[in-house]
Structure formats: C-alpha cells, structure tokens
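**Q** Read off the chains here:
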Amino acid sequence: DTAVSQTPKYLVTQMGNDKSIKCEQNLGHDTMYWYKQDSKKFLKIMFSYNNKELIINETVPNRFSPKSPDKAHLNLHINSLELGDSAVYFCASSQLTRLDTQYFGPGTRLTVL
Amino acid sequence: AQTVTQSQPEMSVQEAETVTLSCTYDTSESDYYLFWYKQPPSRQMILVIRQEAYKQQNATENRFSVNFQKAAKSFSLKISDSQLGDAAMYFCASDRGSTLGRLYFGRGTQLTVWP
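Protein sequence lines, in the order shown, are assigned to chains Z and P. Just so you know, the first sequence maps onto residues 1 to 113 in my numbering. Just so you know, the second sequence maps onto residues 1 to 115 in my numbering.
Careful: at least some of the hints might be erroneous.
If the Cβ cut is set under 10 Å, some of the chain Z residues that face chain P in the computed set are [claimed, not checked]:
1) M15
2) Y35
3) Q37
4) S39
5) K40
6) L43
7) P61
8) R63
9) F64
10) K67
11) S68
12) A92
13) L96
14) L99
Keep in mind that the hints were calculated from the coordinates and are not lab data. Small disclaimer: the values here were computed from a predicted structure and weren't measured. Glycine included, C-beta positions come from ideal geometry on N, C-alpha and C.
Only chain P is shown next, with the shape it has when bound in the complex (with noise of 0.2 Å):
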C-alpha cells in the first residue's frame, strides 16, 4: 500500500518566485524520519532536507524549509526564491523506524522553473 503521497504531478513556478510542494503519509509510529529529494535530469539523487518526527521545530536549509504537521501527517517542500538549477523531480519519502531503513517513496513532483 501506498505511505507517501504526492499529490502534484507536475508544478511550475517563475524564477525567484516561491513554491510550495505537498506530501501526505500515513504510519502508526512515533518515531519517523521524513525526507525531500531532488532528482534534476542528471539522475542523481540529492538530498533537499530532513524532519525528524519528534522535533516540534520545522527544518529549514537556505531557501528550502518544510511545513510539518504532524496531526496532519502532512509535510510540504517550501523553495523561495526559485531558481533555474531548482528545476528537477522532488520525492518525498519517509523513515518508519521499525522498518529497517526502508525508505517509502511518493510517485514525485516535476518541477519546472520559469525565467
């Protein structure tokens, strides 16, 4: 069954303009990681950033940050200022902790950045 969610296939954004991503997961535990990764068309794998489920303060990496509800179970990519190199597919993927290191994927959003 399906844990991670991306409800956008596709989003597009102007250049230095702001973004907001969507990811829905579904688990039990209480203690999880969740994860953004960006895939440009180079195919590498890039780590944006990292939640940790039991930290109540949002993650943020330059001028990428999250919106982590966790009720919610909702945990959205915030890009400001976007820019050309941000253009990529973005997965988000969560850490269940009883699973090994299992990393669920969601199906990505492709991102295009405009000039």
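With the rest of the complex left out, here is chain Z (with noise of 0.2 Å):
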C-alpha cells in the first residue's frame, strides 16, 4: 500500500540517451511535484501539476518535460541526457497546491556515464 511509488529506483545510462522516470499516488492528491537532489543533497523544485495542469515550471531545461495523463500519475520525461543531470529524483504529492504537507516517493538515482 505504499503511497507515492516511482519506477525506476535506479537508472544508469549513457549521455544522449533518453530516458523516463514514472511516479504514481493513491492518496487521492490533486497535485504532484518533481524535486531533483543534487550530489550536495539539495533539494530544489522542477515541476508541479494539480489535476493535471502544470503549475509550477522552474528554470529547468527544456530537455526535462513532464507530463501527467491523469491526476495519480507524474512522470519525467528527460531527452539527451547529460553527465549534470546525474542526481536522485523525487517524486512528491499533496491534496492542496499551497499550504500542505508533501509526501515524497523513495527517490530514482539517475546517473549518466
């Protein structure tokens, strides 16, 4: 029963490549994040979607797109992969698009060789 799930955990793969990272919830939330974590451990804002509109979309390349088929699903989408991409990707949720508690995905490790 878990409740924000991600596929994969991990990812490796080779600059240039494109590749997908899946999240799901079965909170029943209306709104979903993507943070990237860097090697430093920081933790900075990509996207966001309530009801599957995009609210949020910080100064992130557009090589990163994400799209949300329905209100359970998030997923990122990153073209041309390169070696600064590598970091771990959250997946997070939350009822309300301001003023709420988030509730984050295990996390996928992407690295790029």
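Reconstruct the complex from the two isolated chains, following the hints.
**A** Here it is in structure tokens:
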C-alpha cells in the first residue's frame, strides 16, 4: 500500500540517451511535484501539476518534460541526457496546491555515464 | 536566494540524550508552513513534523518537538530520548503560501547517534 511510488529506483545510462521516470500516488491527491536532489543533497523543485495542469515550471532545461496522464500519475521524461543530470529525482504529492504537507516517493537515482 | 538556512552541517548525540537542530528562514508573508523532513540512508524523505505559522503553539510529535520563534524566524527541532534509528539527514523546509506549493529546503543537518 505504498503511497507515492516511483520507477525505476535506479537508472544508469549513457550520455545522449533519453529516459523516463514514472511516479504514481494512491493518496487521492490533486497535486504532484518533481524535485531534484543534487550530489550535495540540496533539494530543489522542478515542476508541479495540479489535476493534470502544469502550475510550476522552474528554470529547468527544455530537455526535461513532465507529463501527467491523470492526477494520480506524473512522469518525467529527459532527452539527451548529460553528465550534470546525474542526481536523485523525487516525486511528491499533496492534496492542496499550497500550504499542505507533501509526501515523497522513494526517489530515483539517475547516473549518467 | 537561499530562504532556509541550516547552520549545522553535522550534529551528533548520544543515545537517549536530547539534541536540537537549528533552522532559520526568510519570508515577508504571514501565511506559511514549516516542515522538518528526515532522510535516512534509505533515501526516503519522511515527514517528521509540521508547523503552521498562524499557530502559536509549538508542534509536537512524540519525541519530536519544535521551538517556533516567529519574530526571530527561527524553527528548531528538538529530538528527545534519541534513538539509533534517528540517525539521518534532517531538512528544514518552508512553504511560503504565495509560491504555489514550492518547498524551499535548507541544506540539511547530518545527525549521528552514538550508542
């Protein structure tokens, strides 16, 4: 009965490849997020969707494209992977778009070689 | 600009003792929430405690409590009766209300618990 799940947990790939990370939540929340945690463990928001609509789009390269097929799913597709994309990517969800607790998935460690 | 500051990159505590982790934040808003999240070696981000800015009473969750000083913009986490399982990276975070759910995180405090 995992609340927020991500697949895969680990992803190792070559520079230039395209990859996707999937996220699903079974909490019935309306809002989902993608965060990036860098090698120094700093967490920064990338995107947020509310009921399939994009509401936060931080200054992230165009190679990153989120997609929300329904409000329980938020996927992250990354084109032309670069070494600097290596990080841990976290999905999170909350009921409200502001002033609410965000629940995080287990994270996906992406390594670009 | 950094809006959440954790000035202690590392802290350590003896098992069963009490430890306090510091956090300061910067906001001009009156409506905001503050959080402490724990990240053990498993990498999972786990909510420890939440404080709503409009509440004067400090939040408490079992052995975890906060000292919320609104005027000083300080939000420290006190862990009582520390256990080995408390060893983790602890992140302070703020949701400033006007920023559509963006959580701003501090850089974390690595807590070691000694037996």
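**Q** Hint A92/Z vs chain P: min CB-CB distance below 10 Å?
**A** holds, 8 Å
**Q** Tell me if the interface restraint on L96/Z is satisfied: Cβ within less than 10 Å of some Cβ in chain P.
**A** holds, 8 Å
**Q** Taking the least C-beta to C-beta distance, is K67/Z closer than 10 Å to chain P?
**A** With a closest approach of 19 Å, the K67/Z hint is violated.
**Q** Would you check whether Y35/Z satisfies its interface hint, that is, whether its CB is within less than 10 Å of any CB in chain P?
**A** holds, 8 Å
**Q** Next item in the hint list is M15/Z. Is there a CB on chain P closer than 10 Å to its CB?
**A** violated, 24 Å
**Q** Taking the least C-beta to C-beta distance, is L43/Z closer than 10 Å to chain P?
**A** holds, 4 Å
**Q** Any CB of chain P closer than 10 Å to the CB of S39/Z?
**A** violated, 12 Å
**Q** Going by Cβ atoms only, is K40/Z closer than 10 Å to chain P?
**A** The hint holds - K40/Z has a Cβ within 10 Å of chain P, the shortest such distance being about 7 Å.
**Q** Let's test the interface hint: is any C-beta of chain P closer than 10 Å to that of L99/Z?
**A** Hint holds; L99/Z Cβ to chain P Cβ min 5 Å, cut 10 Å.
**Q** When the nearest CB of chain P is found for R63/Z, is that gap smaller than 10 Å?
**A** violated, 21 Å
**Q** Can the hint on P61/Z be confirmed by a CB-to-CB distance to chain P that is less than 10 Å?
**A** Check failed: Cβ of P61/Z comes no nearer than 19 Å to chain P, outside 10 Å.
**Q** With a cut-off of 10 Å, does the beta carbon of S68/Z approach a beta carbon of chain P closely enough for the hint to hold?
**A** violated, 15 Å
Of the hints listed earlier, those the structure fails to meet are numbers 1, 4, 7, 8, 9, 10 and 11, in rising order.
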